[in-house]
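Participant: The primary structure of each chain is shown beneath.
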Amino acid sequence: MSEQALKFYGTQIASRLLIGTALYPSPQILSDAIHASQSKLVTVSVRREAARARSGQGFWELIKQLDVHVLPNTAGCKTVKEAVTTAQMARELFETDWVKLEVIANDDTLQPEVFGLVEAARILNDEGFKVFPYMTEDLGVAEKLVAAGCEVLMPWGAPIGSGQGLANPLALRTMRSYFPDIPLVVDAGIGKPSHAARAMEMGYDAILLNTAIAKAGDPVKMGKSFAMAIDAGRLAYEAEPMEPRDMASPSTPVAGTPFFKIDNVS
Amino acid sequence: MRITLNGEITHTRAKTLDELCGTLGHGLDKIATARNGDFVPAALRAKTHLSENDQIEIVAPRQGG
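If you're matching them up, the sequences are chains S and D in order. Mapped onto my numbering, the consecutive letters of the first sequence carry residue numbers 1 to 266. Mapped onto my numbering, the consecutive letters of the second sequence carry residue numbers 1 to 65.
Bound conformation, chain S alone (with noise of 0.2 Å):
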């Protein structure tokens, strides 16, 4: 519906909806709900895997069946190295370069680890890796991470999981402000579809989200439901909203009112 295509490093993704994989009901929910969202690009993650137990083997099957782009995560790493190697098995594993930085700097918030991050991302970078950082909405820690080789940015919306939408939305819309030319993705924090809206109406390129459709009551249908919000948020921002006002405005011609007399004009 949109009118520009959405590229990440000139690869153009027909969905502005990138959704995790995580913390569905069954696979098949899981399956459901991303054809549902049609969500071209996914994210993904690496675990530790038990002897014998092909786990990951069925995961990966199913992903390959859904047709869609992959982005692999560095999810619980809390140092560079943990997080250059975790970044170096996904793209043996998914056979992808993409890469979902996060370095995470605290258990209970989850908010990353600023300083950790650009490092990882420059090693990435220079290793030939398309880095998707996770990031605050923090704009010196942007522009080192696109001085370190980022072509996009992902900064959160509120913690991961939390559901609580936008918490800084000055903050956020003072970053699409300032890289009016980066690809910028609000990730994580997302609850409800009128926060992923809310986002697209400030101009930004997209929206990475789990929790918010995983963790519904029904997965399947909240999937459409933000899909729908964010066509109609990005359609909102192409179609440049009006400036909001303090006082009223007639929207009704004020002339031919009947039984209009000068008085009611304050």
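Just so you know, not all the hints are guaranteed correct.
In the BS3-like style, the derived pairs of lysine-lysine whose C-alpha atoms are separated by at most 27 Å in a straight line are [to be verified]:
| no. | chain 1 | residue 1 | chain 2 | residue 2 |
| --- | --- | --- | --- | --- |
| 1 | S | K64 | D | K30 |
| 2 | S | K192 | S | K215 |
| 3 | D | K30 | S | K78 |
| 4 | S | K81 | D | K30 |
| 5 | S | K40 | D | K30 |
| 6 | S | K78 | S | K215 |
| 7 | S | K81 | D | K47 |
| 8 | S | K81 | D | K15 |
| 9 | D | K30 | S | K130 |
Please keep in mind that the hints were generated in silico from the structure rather than gathered at the bench. Keep in mind the model is a prediction, meaning the values are calculated, not measured.
Fit chain D to the given chain S structure using the hints.
Facilitator: Same frame as chain S, but now just chain D:
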């Protein structure tokens, strides 16, 4: 030989990382490996000799957000 495999102390007779993966039944699985914090590409597993107290990670694709 005593190694730490995915965070747990384990004893193995495997001499290389490739052998270790084989004894764990990962022969044909889609896995990735690291030794002492460094990524070991699949092609180098057979040449990667294990040493006492090595820290080995063996991972597979999983759901993620």
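Participant: What's the verdict on K81(S) and K30(D), does the C-alpha distance respect the 27 Å limit or exceed it?
Facilitator: Holds, at roughly 23 Å.
Participant: Taking only the CA atoms, is the gap from K78(S) to K215(S) under or equal to 27 Å?
Facilitator: Judged against 27 Å, a Cα distance of about 26 Å means the pair holds.
Participant: Hinted pair, alpha-carbon criterion (27 Å max): K30(D), K130(S). Please report holds or violated.
Facilitator: Given pair K30(D), K130(S) holds - Cα atoms ~22 Å apart, limit 27 Å.
Participant: Take a quick look at whether K40(S) and K30(D) sit within 27 Å of each other, Cα to Cα.
Facilitator: With a Cα-Cα distance of about 23 Å, the restraint between K40(S) and K30(D) holds, given a limit of 27 Å.
Participant: Sort out whether K15(D) lies within 27 Å of K81(S), counting only the CA atoms.
Facilitator: Holds: K81(S) and K15(D) sit about 26 Å apart, inside 27 Å.
Participant: When you check the alpha-carbon spacing of K30(D) and K78(S), does it fall within 27 Å?
Facilitator: holds, 25 Å
Participant: Could you grab the alpha-carbon distance between K192(S) and K215(S) and see if it respects the 27 Å cut-off?
Facilitator: Given that 27 Å is the threshold and the Cα spacing comes to 11 Å, the pair holds.
Participant: Checking one constraint from the list: CA of K64(S) to CA of K30(D), max 27 Å. Satisfied?
Facilitator: Status holds; Cα separation ~13 Å.
Participant: Does K81(S) pair with K47(D) here, judged by a C-alpha cut-off of 27 Å?
Facilitator: holds, 23 Å
When each numbered hint is compared with the structure, no violation occurs for any of them.
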